[in-house]
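Colleague: Sequence:
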Amino acid sequence: MEGINHSRVSEFVLLGLTDSPQLQIFLFVMFSVFYLMTMLGNCLILLTVLSTPHLHSPMYFLLSNLSLIDMCLSSFATPKMIVDFFAQHKTISFEGCISQIFFLHLFTGTEIVLLISMSFDRYIAICKPLHYSSIMSQRVCVGLVATSWTVGFLHTISQLAFTLYLPFCGPNVVDSFFCDLPLVIQLACIDIYVLGIFMISTSGVIALVSFLLLLTSYITLLVTIKDHSPTGSSKAFSTCTAHFIVVLMFFGPCIFIYVWPFTDFLVDKVLSIFYTIFTPFLNPLIYTLRNQEVKTSLKKKLSNQYLTLGKTTPVYSVQ
963 MEGINHSRVS EFVLLGLTDS PQLQIFLFVM FSVFYLMTML GNCLILLTVL STPHLHSPMY
1023 FLLSNLSLID MCLSSFATPK MIVDFFAQHK TISFEGCISQ IFFLHLFTGT EIVLLISMSF
1083 DRYIAICKPL HYSSIMSQRV CVGLVATSWT VGFLHTISQL AFTLYLPFCG PNVVDSFFCD
1143 LPLVIQLACI DIYVLGIFMI STSGVIALVS FLLLLTSYIT LLVTIKDHSP TGSSKAFSTC
1203 TAHFIVVLMF FGPCIFIYVW PFTDFLVDKV LSIFYTIFTP FLNPLIYTLR NQEVKTSLKK
1263 KLSNQYLTLG KTTPVYSVQ
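Per the working numbering: the sequence shown = residues 963 to 1281.
Hint data in this document are derived by calculation from the structure and do not stem from the laboratory. Any given hint could be a false lead.
To be verified - In silico DSSO-like links for lysine-lysine, alpha-carbon gap of 30 Å or less:
1. Lys-1052 with Lys-1261
2. Lys-1042 with Lys-1052
3. Lys-1188 with Lys-1257
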């Protein structure tokens, strides 16, 4: 790797979120709980969808893939951040830093396209219900997921192709809890302001355009539901509002950080927490676990598992 980018820097120093020992303990407990609940919730959704035949539909296929991406997005940096709360020297190797940038843009790019695909699925289900089964076929669903991962991969490769060849010959302090593109390329030993602005802003523009597409789709769905079923508009509005809040928490920080890169706002560090920790935690709660079919299937699975354990556990009588 050093031969590729002619770098004399072998590692980067991560400043983390805070220097306060008391606050670090609090954040360690909080983020550990969030991470464990995120992994548990998304694992339950994956297992429930995979093991329940009547959930083998396009909507739940896309939701299960969202859970998979959320598990990946939550894991690329959060475990290291949790461990670093008790580390005196918060360092990461050059290869590890590049890997974090790679996986961050891979998973966020994939999730952006997948969220648009989910919106398309709901649009077809509500606006063209008679043609839903023919339009949202198994091939189309697999194609949408494959397209999501392909777009995410191409996006992250385009970002790294620019970063890998930058000379890093001195400064190595990253003011965050993980390596992100706007922070890392500022440490290069050449003036990359104009080119860097262009490269990083493309991520912000992609996020902004995708957000506007999702916003338009939600508005279209609400108008369609209101015209066809005035009594169901209240429930639909509540559901779309919940979805929109999660989408806003994911896209808002991305748009702010990448449309205006190279700012020294402390808020950038805080905003990064939303799309790397909070959004993967909220997605299963908002998108899936509020769904009655999923809740019923999950309760049935847990009940059957409990009964199975009860039958296999030996009961000893007191003589």
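Colleague: Decide, hint by hint, whether the structure agrees.
Modeller: Structure-based check of each hint:
| no. | hint | verdict |
| --- | --- | --- |
| 1 | Lys-1052 with Lys-1261 | 42 Å, violated |
| 2 | Lys-1042 with Lys-1052 | 9 Å, holds |
| 3 | Lys-1188 with Lys-1257 | 26 Å, holds |
Checked against the numbered hints listed earlier, the structure breaks hint 1 alone; every other hint is satisfied.
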